[in-house]
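Here is what each chain is made of, one letter per residue.
Protein chains: 4
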Amino acid sequence: MPRPFPIALIGQRFMGRAHSNAWSQVSKFFDLELQPVLHTVAARDREGLEPFARRWGWKNACSDWRELAAQPEIELVDIGTPNDVHREQALALLAAGKHVACEKPLAGTLEDARAMVDAAKRAAKKGVRTFVWFNYRRCPAVALAQRLIREGRLGALYHVRARYLQSWGGPQTPLLWRFQKKFAGTGAHGDLNAHIVDMARFLSGEEIVEVHGAIERTFVKEREIPGSPGKRGKSDVDDCVLFLASFSGGATASFEATRLAHGHQNDNGIEINGEKGSLRFGFEDMNVLELCEAGDARTGGWKRIMCTSAGNHPYAAAWWPDAHVIGYEHGFTNMAADICRVLAGGEAEVPLPDFADAYQTQRVLEAALLSARKRCAVKLSSVK
Amino acid sequence: MPRPFPIALIGQRFMGRAHSNAWSQVSKFFDLELQPVLHTVAARDREGLEPFARRWGWKNACSDWRELAAQPEIELVDIGTPNDVHREQALALLAAGKHVACEKPLAGTLEDARAMVDAAKRAAKKGVRTFVWFNYRRCPAVALAQRLIREGRLGALYHVRARYLQSWGGPQTPLLWRFQKKFAGTGAHGDLNAHIVDMARFLSGEEIVEVHGAIERTFVKEREIPGSPGKRGKSDVDDCVLFLASFSGGATASFEATRLAHGHQNDNGIEINGEKGSLRFGFEDMNVLELCEAGDARTGGWKRIMCTSAGNHPYAAAWWPDAHVIGYEHGFTNMAADICRVLAGGEAEVPLPDFADAYQTQRVLEAALLSARKRCAVKLSSVK
Amino acid sequence: MPRPFPIALIGQRFMGRAHSNAWSQVSKFFDLELQPVLHTVAARDREGLEPFARRWGWKNACSDWRELAAQPEIELVDIGTPNDVHREQALALLAAGKHVACEKPLAGTLEDARAMVDAAKRAAKKGVRTFVWFNYRRCPAVALAQRLIREGRLGALYHVRARYLQSWGGPQTPLLWRFQKKFAGTGAHGDLNAHIVDMARFLSGEEIVEVHGAIERTFVKEREIPGSPGKRGKSDVDDCVLFLASFSGGATASFEATRLAHGHQNDNGIEINGEKGSLRFGFEDMNVLELCEAGDARTGGWKRIMCTSAGNHPYAAAWWPDAHVIGYEHGFTNMAADICRVLAGGEAEVPLPDFADAYQTQRVLEAALLSARKRCAVKLSSVK
Amino acid sequence: MPRPFPIALIGQRFMGRAHSNAWSQVSKFFDLELQPVLHTVAARDREGLEPFARRWGWKNACSDWRELAAQPEIELVDIGTPNDVHREQALALLAAGKHVACEKPLAGTLEDARAMVDAAKRAAKKGVRTFVWFNYRRCPAVALAQRLIREGRLGALYHVRARYLQSWGGPQTPLLWRFQKKFAGTGAHGDLNAHIVDMARFLSGEEIVEVHGAIERTFVKEREIPGSPGKRGKSDVDDCVLFLASFSGGATASFEATRLAHGHQNDNGIEINGEKGSLRFGFEDMNVLELCEAGDARTGGWKRIMCTSAGNHPYAAAWWPDAHVIGYEHGFTNMAADICRVLAGGEAEVPLPDFADAYQTQRVLEAALLSARKRCAVKLSSVK
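Residue numbers (our numbering), protein chains in the order written: chain A, 12 to 395; chain B, 12 to 395; chain C, 12 to 395; chain D, 12 to 395.
If you are wondering where the hints come from, they were derived from the structure by calculation, not from laboratory data. Yeah, the Cβ is synthetic: ideal placement off N, Cα and C, and Gly gets one too. Warning: the hint list may mix true and false statements.
[Said to hold, decoys possible] If we take Cβ atoms under 7 Å as the criterion, some of the chain B residues that face chain C in the derived model are:
1) Phe25
2) Gly224
3) Arg228
4) Thr229
5) Phe230
6) Leu271
7) Asn284
8) Ala305
9) Arg386
10) Ala388
[Claimed, not checked] Okay, derived cross-link-like pairs now, DSSO-like style, lysine-lysine, Cα gap no bigger than 27 Å in a straight line:
11) Lys287/A / Lys70/D
12) Lys193/B / Lys232/B
13) Lys390/B / Lys192/B
14) Lys192/B / Lys39/A
[As the list claims (entries may be wrong)] Chain A regions said to be covered by chain C (calculated; three or more residues, Cβ under 8 Å):
15) 120 to 132
16) 318 to 326
With the hints as constraints, model all of the structure from the sequences given.
Shown next, in the form of structure tokens:
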């Protein structure tokens, strides 16, 4: 019989739903030693909080997240709030001895991120753990890719090509908070490049050592103010950021995040070319990994691997028979399972990102912005 | 506030899991007037029943499904058992005034199916409803296809090409119950052709009037008996059934179900060609519908439609933002939502199959077997 | 130095162009012992014949094909005329000791085909050879598929799924000769099924032994008479023919030819599933063969093989570097090369179809029509 | 009747074959006012020159290209030689009043290129024309893309993503001349980036104004010397060059050329995202253009346009019926046709690149190398 594992959540928007679903589904599909109990959901905005809690099965709801620190039975707090409050929340909760699972990116500024890493280090001495919701690592196809590379199937890596292309940010989209620097910090960069920098680091198992050049651009400089027809305000975050980089092992890397690419809705994708072969993945076809291995001159080529077979593919045994494909939210549920395993003393299917890991991604994002603004290359060693 | 709606389930295998998940997820994602309450799960096999009930949130568990008929508060019973017991269970439960949602195919024999249709007719007079779990109708891409055809986007239909190809049935697979006639009735035919005949009828909105020819074949005639290494027994169901047919509106149709097609794991697919365009769908890429419309000689071609945008695509509003793809089990959840809507006096997104509807599919399957065995064409009017 | 090899051609339409191109290109790309010399082109229709001859480099032109039989220096005559005259021309030219390369299908009727086979047998005694232009055999991807199957890479064959789908035959297309029985014999059947029956036989290396059922259908029964706006005439050939069959080794087969499938322009395609794997090919992506081999449960899947590497793929060495793709007409040029090789005593890359071979295809087409019309299965042993 | 148009060619390797084929095929497929006559082929290497001339139909052969300048009847000279001799040959031939069609890239150095542009300007005053063989512009799918963008179908351009990925340059490939700076100048950069910079400029109709950052990398630093087993020499050109740039209209652009990407053999590809839609093309599937237009929220998506319909697609009328796909060499033949049209006073289907045009591409390549080496952004205005 699994041990009950009381958790709390801060946030009730998109990520609030995705995380609530993960915590409530995980014990139905996975056999775990810990069984998450949905203890309390907290959110500033009282409105809708009761129905949200009822809908998702949270036993309690409160409008002040600080109360969570004071509840002794809560073991883990899941932070699903905007970036600018991650630091304050994480520091308080870690200090209270709660494990923390924080939504990505780790923080709104590098300074905040650094403070969080320090707090995590202190908490680790008391056995407290941190996690960051880089959910795409746990698409089975991505997890398989990580294993294949770690096993040496691609040999030395030559090229990493990562993109996160969306299309919802055209001129007709109004001035949401995501287009305002004071709320969002950056645009596509923090939102999307954060994911693909994490994925590139996760898959390659290497760190980025230099950014060679970057473009940060805002195409749509004014947008209609929501609720004020005809009135327009300034959109002052990037619509896209592109940058070139080098990995510690020598591989080149290119990253592109944009909200202005018609035909791409949630196209989080990567291709890696190595000495012995290549791999590629695109989230819009998330159950598939493509692999091309060198050495078969007659019948070689890109192979479309359906990563859904129980027993052969990471996480697949928990779900359905072969080729009964899974979807977006399953990445979160798979991550919830790995968090439970790790906290019960076991192992995750593939590495779980903690604050220190997410801080490395944050440094890369910072280096890219510096490079774009200074119009020159930036070594990561200079970004702390 | 939705009204609690107590339901029961018979079965705890693959379909037991899929249906339990649907009933427990539906109120989290859909706003409905009825809120399913997981009252009782029944299964012959006591072993594992308690953990199953606990895992999925069923309040009660019992080993005799007949008890469900006697429970006045249960409003709907979901039958997730093998085909040979559908009749007995459905008749008893309908007589007790329960709505019945039955797993497909409707029954193991045409005679059973007829009896179930008759029982459904009698029950309907008292307001009792029947449903059959043809879950693939409720993939958003399939539902969109149905609407486009109903709206006339393809014009008159010329060709329907349906396939359900799997690959798990090779010689190395042991003699499971699915390969034995006494348990399974047929092989790929009842299991897979049932789905694609339903889908072809659903999408076209037409009935099949004639089967022109058919092949029923068993390639692997002996298989190892599970648990008896080295001992082999007879596999006496079809490995594949193919047939050609005509629809009432004149369209030709081809159907193929097999478990011997390497490269296809759960490839439930269809293409329809009409006067004004074509549509195609394949479950392994279930979030996509492909459409090719005539009339644009310069920039025409197959269009890949990602059926995930809230507001534009059936069921999508309940789930995630654009291109945050969904998976296999979501079809069941979407169907559970439609059942709740219909029982609350509302409308389903696309038509829900009842016993009478599923009986038409059963007649087509029968006609195909007759045609294969008699080596000649069979008119549907002769199959009752 | 290659030996000059004088040839003649009858016909100056679509096939006249394709064959002229093949004969004039073959010596530029292939190193052969025979060098085709374009001696004479013959065509009933004088108009345009001189410019045609000049354009393609034919040294002579004449309006009576019978003159070719009388020219001693001509060694091979290429028949690119409508089906109804193949018999007369082939018999006369074979009798005159010319090798004959005839456009497919072999003849307009089974009786004509039989007479041509008999003539070919007689001529063979004098060393005269026959060929039929089933050009698609010599797409490199198709030739590779044939070799892989012959080598046993798929093991025993289970299923052959062949289609030839086009879209140009809608109601707006006028009453061309191809829609009139008196000129064309059949519609899509003879034109398209001929190709895919040949391909299925070629790839499988087996013969069809039974047709299990068939549909022959004319959707567009009237069409505008070309040059007579507003006047309509009867379209009395099939728009589509579908049939199911069995191969000698037990594999099931399905064939579909239609001109009413929007989204398919020249979609000549086939998939073959065997015990150890599957292969598929579609002409619209003609440089690619897809292969899925069983046995790799973790990283198996469909592999996209670009069949363009010199040294590894049939015919590729003659053309360009890797992935510098080739096109439609190259199949004819590759066939011309194989004809030259065979006539010089060498070997073709893959088997060349002769009259006897093409006659087997013709028998299958006949059996399919019989099955459609009699509404029952037809054994090939009954079709002579 | 077309007017005979005597031409000469310098070179007999890969490009010698491709150009010879184009000049000999063009009059068979296109109706032109000029009919190329293959007058003389010149090549330093006498060996094989006679057979080459005979095979391709060149009437004369000579080992000194200077003789061509002296032949009054030759109207155009086609330069298919290595980059380092383009300047000398072009200057002499232009001075002699010959039209010149030069293989890409225009020259080995920017200085050479500038001298060639100057010579072309002087020659233009006497009606002499220059052309550069950027053959990929004349794939029908690319030509269609150019027209659609020019017509405004994409609106303002946001992103250009260009790649030219090959896989033949791994460590096992010996030290060919292409890997030695003294012969090749650069590696993948001049060979491959030249093509995609031209294509990006051609399609966008804009010029690059800044390079924001670049990577130039040599992964394989030593290779076996051909003919000297066991002996290794230095490979001193780039294996890959990546760079980021901005177009004059504000669009961002990324370019990547590499010979180390398994799974890509000749993957010359581009995607362009604009305000109203997106386009993409990849040479390995060269008959297809993909288009996604904004504004159809329900049935929008990427459309696969088969660019093979006569009358609707550039160059298609010259070749075969719909979806009878063409191949690599057809781009050269299409270009030969456009050269003939322009020299006869007509118009090319899409713009033909001349020396001045190719010089702009050369400047971009130079700026990219400067950026990589200086580790900073480079404005094009500083590269002359």
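- Query: Which hint numbers doesn't this structure obey?
  - Reply: Of the numbered hints given earlier, those the structure breaks are 1, 4, 11, 14, 15, listed in rising order.
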